[in-house]
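J.: Dock chain B against the given chain A, drawing on the hints supplied.
For the record, the sequence lines run as chains A and B.
Sequential numbering of the first sequence, starting at 1, is according to UniProt numbering.
Sequential numbering of the second sequence, starting at 1, is according to UniProt numbering.
Hints should not be assumed to be uniformly reliable.
[Stated by the list, open to error] Taking beta-carbon pairs under 10 Å as the criterion, some of the chain B residues facing chain A (in silico):
hint, residue
1, A58
2, S60
3, K69
4, T100
5, R106
6, G107
7, H120
8, S146
9, G147
10, L234
[Said to hold, decoys possible] Residues from chain B that keep clear of chain A, each with C-beta distances beyond 10 Å, as calculated:
hint, residue
11, S56
12, I71
13, M169
14, Y170
15, S222
16, D235
In case anyone wonders, no lab produced these hints; they're calculated from the structure.
For every residue, glycine included, the Cβ atom is placed at its ideal position computed from N, Cα and C.
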Amino acid sequence: MGLPDASGDLSSEMEVDAFRRLFPLRYFERHLSESIRPDARPLGRARDTTLALGAVASAHGSALAKIGSTTMLAAIKMEVMTPFNRVTGRRLHWPAEAAPVISKQLSDTISSSGMINLKELSLVSGKAAWMAYLDIYCLDADGALFDAALLSAVAAFSHLQIPIVSLNDDGKIELISEEDDGAKLEVEPVNKEKRKLTLSSIPFSLTCILHKNYILADPTAEEESIMETAVTVVLDSSSRLVSFYKPGGPVLAHTSAVQDCVALTRQRVKELQNILDETLSGMEID
Amino acid sequence: MASKGGAAPSTYTHAPTNKTRRPPFFPDSDVDWLRSDGRGFHQCRPAFFRTGAVNSAAGSAYAESGKTKVIVSVFGPKESKKAMMYSDTGRLNCNVSYTTFATTVRGHGSENKEFSTMLHKALEGAIVLESFPKTTVDVFALVLESGGSDLPVVISCASLALADAGITMYDLVAGASVSCLGRNLIIDPISEEESFQDGSLMITCMPCHYEVTQLTITGKWSTANLNEAMQLCLDACSKLAKIMRSCLKEAASASKD
Numbered sequence: 001m002g003l004p005d006a007s008g009d010l011s012s013e014m015e016v017d018a019f020r021r022l023f024p025l026r027y028f029e030r031h032l033s034e035s036i037r038p039d040a041r042p043l044g045r046a047r048d049t050t051l052a053l054g055a056v057a058s059a060h061g062s063a064l065a066k067i068g069s070t071t072m073l074a075a076i077k078m079e080v081m082t083p084f085n086r087v088t089g090r091r092l093h094w095p096a097e098a099a100p101v102i103s104k105q106l107s108d109t110i111s112s113s114g115m116i117n118l119k120e121l122s123l124v125s126g127k128a129a130w131m132a133y134l135d136i137y138c139l140d141a142d143g144a145l146f147d148a149a150l151l152s153a154v155a156a157f158s159h160l161q162i163p164i165v166s167l168n169d170d171g172k173i174e175l176i177s178e179e180d181d182g183a184k185l186e187v188e189p190v191n192k193e194k195r196k197l198t199l200s201s202i203p204f205s206l207t208c209i210l211h212k213n214y215i216l217a218d219p220t221a222e223e224e225s226i227m228e229t230a231v232t233v234v235l236d237s238s239s240r241l242v243s244f245y246k247p248g249g250p251v252l253a254h255t256s257a258v259q260d261c262v263a264l265t266r267q268r269v270k271e272l273q274n275i276l277d278e279t280l281s282g283m284e285i286d
Numbered sequence: 001m002a003s004k005g006g007a008a009p010s011t012y013t014h015a016p017t018n019k020t021r022r023p024p025f026f027p028d029s030d031v032d033w034l035r036s037d038g039r040g041f042h043q044c045r046p047a048f049f050r051t052g053a054v055n056s057a058a059g060s061a062y063a064e065s066g067k068t069k070v071i072v073s074v075f076g077p078k079e080s081k082k083a084m085m086y087s088d089t090g091r092l093n094c095n096v097s098y099t100t101f102a103t104t105v106r107g108h109g110s111e112n113k114e115f116s117t118m119l120h121k122a123l124e125g126a127i128v129l130e131s132f133p134k135t136t137v138d139v140f141a142l143v144l145e146s147g148g149s150d151l152p153v154v155i156s157c158a159s160l161a162l163a164d165a166g167i168t169m170y171d172l173v174a175g176a177s178v179s180c181l182g183r184n185l186i187i188d189p190i191s192e193e194e195s196f197q198d199g200s201l202m203i204t205c206m207p208c209h210y211e212v213t214q215l216t217i218t219g220k221w222s223t224a225n226l227n228e229a230m231q232l233c234l235d236a237c238s239k240l241a242k243i244m245r246s247c248l249k250e251a252a253s254a255s256k257d
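Here chain A stands alone, though its shape is the one from the complex (with noise of 0.2 Å):
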């Protein structure tokens, strides 16, 4: 930043693109002071999200999530073990540093929320449950990664279907293919009952970046790389908070700030949740 006054006088001649490039803070700022940003969005808008349900037929549970272009593939497989406390496995998929960290947080995230009950996931009580696997893969990375992760979980969750078991007679579990169900069972299923989870409390988030005194909601890949303070709320749909992060980062937010993200994260979830049930019902239709 040593030379804020000459780029000023630089930037009436200079390209747009160039000046971009060049002065990518003095760039934003411009844009900011006009509480618009660079892709037309208010601070406060979130981008363009899609969800699309039931991407690979090979998992039991999948969704794609897509925020603007970032672009989540979560499935789940689920396989049948001796219970245990912990029963899901998550894993992130990312050539990059930040998985880890998003990882951990997803899985923080998604067992204090309470969403899933654990119960649910048992077949005989002691003896066998499901382990769930949800593997989430990043198609397309343009910034809020763990927002979009989270959707892309619980909407893979949602639309998880669990496979019909039986016993047979050596006390193991079996598989019943889909084609045998119907007339010719021999054997009774286990679990004909509950081949859907029962989601409660279903958690959101929103991840914004501070920077001076403006918020910005859903930040690209280009704002979370020249802005570098991001505060990420989770709340559920009853608008409880889950999880709150601000990793560090130069901007000390100020308990109004605190308040205005979570603010615009209770709005947001409300967007989410549409989605989510829109995304849900349009299956039902099909």
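T.: Structure of chain B alone, referenced to chain A:
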């Protein structure tokens, strides 16, 4: 499976019980049998291609052929790592990976370790490596769902992604495979058919040049069958290349508007 995830408890999956049955097919007779998806023996699955699936990459493509779904991102050309020797020509770095949920049994996709080198070998000949000296182009392929004939789909999709990234090539590379089941030749086999095959043949070629970049043959083949299979593959490749070319043209005309 037990070793997965360090201290994770051991789990097990059973394949659905009907998987153990042989398909309705008799190796030494001419009895007609149907393919499980209702295709003719010499009929490919409908192919779908789209470029520009990943914004953060220099070029990308998504391909879908039946249940097989593949996404390929191309990065670069960028400066080769310092440790590398000086090179007048560009380098190509390929990586093929499977998602853990791509196969019916979780994590089986990691068995296809040779696919990365095979993708490299199939593309190498088609790229004008002299056009980007001292630099490296990275090709990352991710198989989202494996439904059979994965490698030819990956190779076709990767050549499309390279074209999308503006890497100079002699021609697009299209791939196709044929499985030999008894006396019958079936093109573009699905996973189930691949598991029962007696032999398989894969050709990747540059249809405009009529040049083959890769040819792999495994299993038991008679010369007559082999000739027929090669012709089948080459025909399929040239048809596939037309679809790929029209996908590129569409993307180019869309970006002009």
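J.: Going back to the hint list, which numbers does this structure go against?
T.: Numbers 1, 7, 10, 11 and 12 - these are the hints that the structure violates, sorted from lowest upward.
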